[in-house]
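Read top to bottom, the protein sequences are chains P and W. To convert, count from 1 in the first sequence and add 44; that's the working numbering. To convert, count from 1 in the second sequence and add 44; that's the working numbering.
Any given hint might turn out to be false.
No distinction is drawn between identical chains; accordingly, a pair holds when it is met within one copy or between any pair of copies.
Think about it this way: if two alpha-carbon atoms lie no more than 25 Å apart in a straight line, the pair counts; the simulated PhoX-like pairs of lysine-lysine are [unchecked claim]:
(1) Lys269 x Lys132
(2) Lys132 x Lys274
(3) Lys273 x Lys370
(4) Lys139 x Lys97
(5) Lys385 x Lys357
(6) Lys352 x Lys273
(7) Lys132 x Lys273
(8) Lys322 x Lys399
(9) Lys352 x Lys197
(10) Lys88 x Lys251
(11) Lys142 x Lys372
(12) Lys145 x Lys357
(13) Lys220 x Lys299
(14) Lys370 x Lys274
(15) Lys220 x Lys88
(16) Lys399 x Lys273
(17) Lys139 x Lys357
(18) Lys139 x Lys274
(19) Lys201 x Lys175
(20) Lys370 x Lys269
(21) Lys142 x Lys274
(22) Lys292 x Lys124
Think of the hints as simulated: they come from the structure by calculation, not from any bench.
The lines below spell out each chain.
Number of protein chains: 2
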Amino acid sequence: MNKSFLIMSPGPTTVPPEVLMEGARPIIHHRTPEFREYVDECTKGLQYIFQTKYRVFNFVSTGTGAMESAVANLINPGDKAIAVVGGKFGERWSKILKSYKANVVEIKVEWSTVVSPEQIETALKENPDTKVVYITLTDTSAGGVTPVKEIAKVVNKTDALLVVDAVSGLLAEEYKMDEWGVDVTVSSSQKGVMLPPGLAFAAVNDKAFEASKKIDSPKFYFDWKAYDKKFPNDTPYTAGVSLMYQLKKALEMIKEETVEHIWYRHKVLADATRAAVKAIGLELLNDHPNNVATAVISGSMDGQEVVKIMREKYGIIIAGGQEPYKGKIFRLGHLGYVTGKDVITMLGALEMTLKDLGYDLEFGEAVAAALPILREGEIW
Amino acid sequence: MNKSFLIMSPGPTTVPPEVLMEGARPIIHHRTPEFREYVDECTKGLQYIFQTKYRVFNFVSTGTGAMESAVANLINPGDKAIAVVGGKFGERWSKILKSYKANVVEIKVEWSTVVSPEQIETALKENPDTKVVYITLTDTSAGGVTPVKEIAKVVNKTDALLVVDAVSGLLAEEYKMDEWGVDVTVSSSQKGVMLPPGLAFAAVNDKAFEASKKIDSPKFYFDWKAYDKKFPNDTPYTAGVSLMYQLKKALEMIKEETVEHIWYRHKVLADATRAAVKAIGLELLNDHPNNVATAVISGSMDGQEVVKIMREKYGIIIAGGQEPYKGKIFRLGHLGYVTGKDVITMLGALEMTLKDLGYDLEFGEAVAAALPILREGEIW
């Protein structure tokens with residue numbers, strides 16, 4: 045007997061069975077009062093997880109589409125924008141901005157660390173005409189967590205808008221959009237929200253929405269104005285009906301656990317994983333590690349081999365490194381529908397995998413470091 | 045006891061139970077060999093339903109996103125494009141083109157008919173610098189079917205590309221992309237393909253793909269080049285995993301029935317519906333009616349009332365009219381997972397609804413006209 049793969053990646057993440065089952069419900073038509081009630085409920089739940097009272101638009105797309113919306117709706121050709129490039133997803137901000145012919149100021153950050161509020165402050169002083177600052181809450185390719193709260197304080201002293209890619213980080217990290225003063229947050233369904241891929245979200249405050257009215261860049265499908273007209277209980281184009289059923293269910297589960305406990309759970313799972321990795325003599329890639337996925341330097345081992353053996357021999361999906369760290373790291377996810385049990389399963393498989401690769405360890409060492417943290421934290 | 049609503053709209057359409065169940069399967073990670081096999085199978089099935097040997101790109105979006113891709117990848121600012129505007133979806137081509145700053149030549153067509161090949165020929169003669177012609181296979185708002193085969197002959201005498209929105213018409217109407225010489229066809233999942241909303245497709249031949257390489261319009265999420273790099277068995281951004289499970293299943297069902305029989309089935313269902321409507325003295329809006337949804341002039345009755353009573357009292361979802369025909373028509377869908385049984389159910393409900401509204405008819409008149417056509421056509 046083989047159980048299906050255990051997904052321990054930065055996303056797509058495991059979908060809870062009760063959410064999966066919602067995906068099998070008969071379709072109802074999206075232009076009906078019954079469906080509008082669904083959309084309305086989902087809007088409220090999304091506002092809760094983004095911690096915002098403002099608009100949360102809901103696209104049928106992946107996170108990249110929501111990211112593009114935050115460029116197409118805020119940037120005219122030639123506008124100056126700061127993009128923090130400290131991993132694959134920061135690079136994506138820069139690429140999208142260049143496609144929209146923005147004047148991009150890149151803050152390049154080593155993948156082993158994250159951008160500091162001081163770096164943002166300096167860049168804003170050197171570029172007082174900056175329209176928008178684009179950052180990434182957790183650039184999972186590099187394993188770090190960006191100090192968004194402190195960066196927001198810096199940006200809010202200027203006229204620039206702050207846009208945060210929270211695609212992977214939402215719910216895994218403490219995040220308070222309105223309280224911190226973030227103008228736009230984008231995320232998607234297949235991460236902390238525990239849904240299949242297919243929906244993406246853009247939370248947009250009044251300041252950002254007002255600014256978007258002056259933007260003339262080509263756009264249609266991701267034009268916020270069209271979504272605003274239908275907000276909060278309808279969509280301008282066909283709604284992702286099955287995914288909205290699932291979203292409503294997942295948001296109910298999230299509300300029951302509370303965002304505070306979800307943030308805490310992810311911290312405990314990540315603490316346990318980090319302690320386990322260090323206990324067997326491996327090092328983390330990032331000095332500000334996030335709670336989404338632990339990026340581990342594979343040293344003398346090929347990180348891709350670790351991923352391959354974990355999947356093929358032990359049925360656990362973890363993630364490899366992306367260029368320039370391909371082969372040099374592997375990433376242990378603990379995002380979404382994950383408990384202490386899953387982390388221990390993953391660590392057990394990791395111990396066997398490393399042994400297979402000739403790495404020097406005693407069986408039980410990684411697990412032994414994780415168990416007391418999970419026990420103490422009461423996450424099992 | 046109440047059965048769930050019967051959807052008889054131009055989309056979203058009913059999803060077969062065996063396809064729904066696929067949506068409840070556990071997620072697998074999209075960057076795995078197992079998932080690439082899924083994508084590969086889906087690509088082959090999509091090529092079959094588009095009747096093309098070329099690329100069929102697969103977006104997580106609705107049909108509007110795929111439409112936008114056919115503008116963003118083919119139009120530079122100032123490029124001349126012809127758009128046929130004979131309904132809501134032709135208007136959408138024009139709106140998207142204007143957002144991308146195309147020089148749009150609109151061929152305006154009354155909603156009661158469809159564009160002729162001669163009109164396209166004339167427009168192309170008057171505008172020899174036209175880069176792309178945008179048409180709609182079945183603009184369901186107006187109820188007609190465009191003679192794509194004949195239009196393709198006309199366009200192919202020039203250097204212009206032909207782009208067809210087949211969002212609602214694919215599988216309901218005979219359609220042979222390569223044989224007819226269409227360069228780009230777009231469609232989506234929640235129509236003839238019998239899936240929940242969430243996936244959209246762009247079939248792109250070599251001529252169109254080559255042309256796209258010279259286009260500099262802002263785009264990222266819908267940039268064909270990114271999808272081409274991953275074609276045929278992978279996706280540039282996160283794949284719609286659950287929807288791809290469902291797509292594979294639906295494509296298997298389609299292959300088993302064959303596209304030829306599916307086209308035939310839709311023709312019989314539409315013939316039966318049209319005969320029924322005429323038998324009770326009502327008229328069709330369009331003189332070239334399509335096999336997706338029958339647009340019926342509601343005469344002295346409010347078309348919106350017909351829709352409302354059908355839904356609230358009889359549990360059947362049909363569609364109303366869109367501006368400028370709102371209230372003046374109603375639309376009886378027969379698209380996707382529909383058999384003769386469903387058409388008869390719909391017609392029975394329609395007879396009762398019209399009676400409720402005081403319309404003069406004898407019970408059984410509509411059904412009586414449909415039954416022999418279904419029986420003769422062997423669609424039940």
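So, going through the hints one by one against the coordinates:
Taking identical chains as interchangeable, the C-alpha atoms of Lys269 and Lys132 lie at most 25 Å apart only when they sit on different chains, with a minimum of 19 Å there against 29 Å within one chain. Only between protomers do Lys132 and Lys274 lie at most 25 Å apart by alpha-carbon distance; the minimum there is 18 Å, versus 33 Å within a single protomer. In this assembly of identical chains, Lys273 and Lys370 lie within 25 Å of each other by CA distance solely across copies; the values are 19 Å between and 44 Å within a copy. In this homomeric assembly, Lys139 and Lys97 never come within 25 Å of each other (Cα to Cα): the closest approach is 30 Å inside a single copy and 31 Å across copies.
For the identical chains of this complex, Lys385 and Lys357 are intra-copy neighbours only, at 19 Å inside a copy versus 50 Å across copies, given an alpha-carbon limit of 25 Å. For the homomeric pair Lys352 and Lys273, the shortest alpha-carbon distance between copies (23 Å) is at most 25 Å, but the shortest distance inside one copy (47 Å) is not. For the homomeric pair Lys132 and Lys273, the shortest alpha-carbon distance between copies (18 Å) is at most 25 Å, but the shortest distance inside one copy (34 Å) is not. With identical chains, the CA atoms of Lys322 and Lys399 are at most 25 Å apart within one copy only, with a shortest distance of 16 Å there and 77 Å across copies.
In this homomeric assembly, Lys352 and Lys197 never come within 25 Å of each other (Cα to Cα): the closest approach is 43 Å inside a single copy and 52 Å across copies. In this assembly of identical chains, Lys88 and Lys251 lie within 25 Å of each other by CA distance solely inside one copy; the values are 20 Å within and 47 Å between copies. In this assembly of identical chains, Lys142 and Lys372 lie within 25 Å of each other by CA distance neither inside one copy nor across copies; the values are 29 Å within and 47 Å between. Taking the shortest Cα distances, Lys145 and Lys357 never come within 25 Å of each other, neither inside one copy (47 Å) nor across copies (54 Å).
Taking CA atoms no more than 25 Å apart as the test, Lys220 paired with Lys299 passes inside one copy only; the shortest distance there is 15 Å, against 50 Å between copies. In this assembly of identical chains, Lys370 and Lys274 lie within 25 Å of each other by CA distance solely across copies; the values are 19 Å between and 43 Å within a copy. Proximity of Lys220 to Lys88 under the C-alpha cut-off of 25 Å is restricted to the intra-copy arrangement: shortest distance 15 Å within a copy versus 45 Å between copies. Neither within a single protomer nor between protomers do Lys399 and Lys273 lie at most 25 Å apart by alpha-carbon distance, with minima of 58 Å and 37 Å respectively.
In the homo-oligomer, the alpha carbons of Lys139 and Lys357 never lie at most 25 Å apart, since the shortest distance is 37 Å inside one protomer and 53 Å across protomers. In the homo-oligomer, the alpha carbons of Lys139 and Lys274 lie at most 25 Å apart only across protomers (18 Å), although the nearest pairing inside one protomer, at 30 Å, exceeds that limit. In this assembly of identical chains, Lys201 and Lys175 lie within 25 Å of each other by CA distance solely inside one copy; the values are 13 Å within and 48 Å between copies. For a Cα distance limit of 25 Å, the shortest separation of Lys370 from Lys269 across copies, 23 Å, qualifies, whereas the shortest one inside one copy, 40 Å, does not.
Proximity of Lys142 to Lys274 under the C-alpha cut-off of 25 Å is restricted to the inter-copy arrangement: shortest distance 22 Å between copies versus 30 Å within a copy. Taking CA atoms no more than 25 Å apart as the test, Lys292 paired with Lys124 passes in neither setting, with 38 Å inside one copy and 44 Å between copies.
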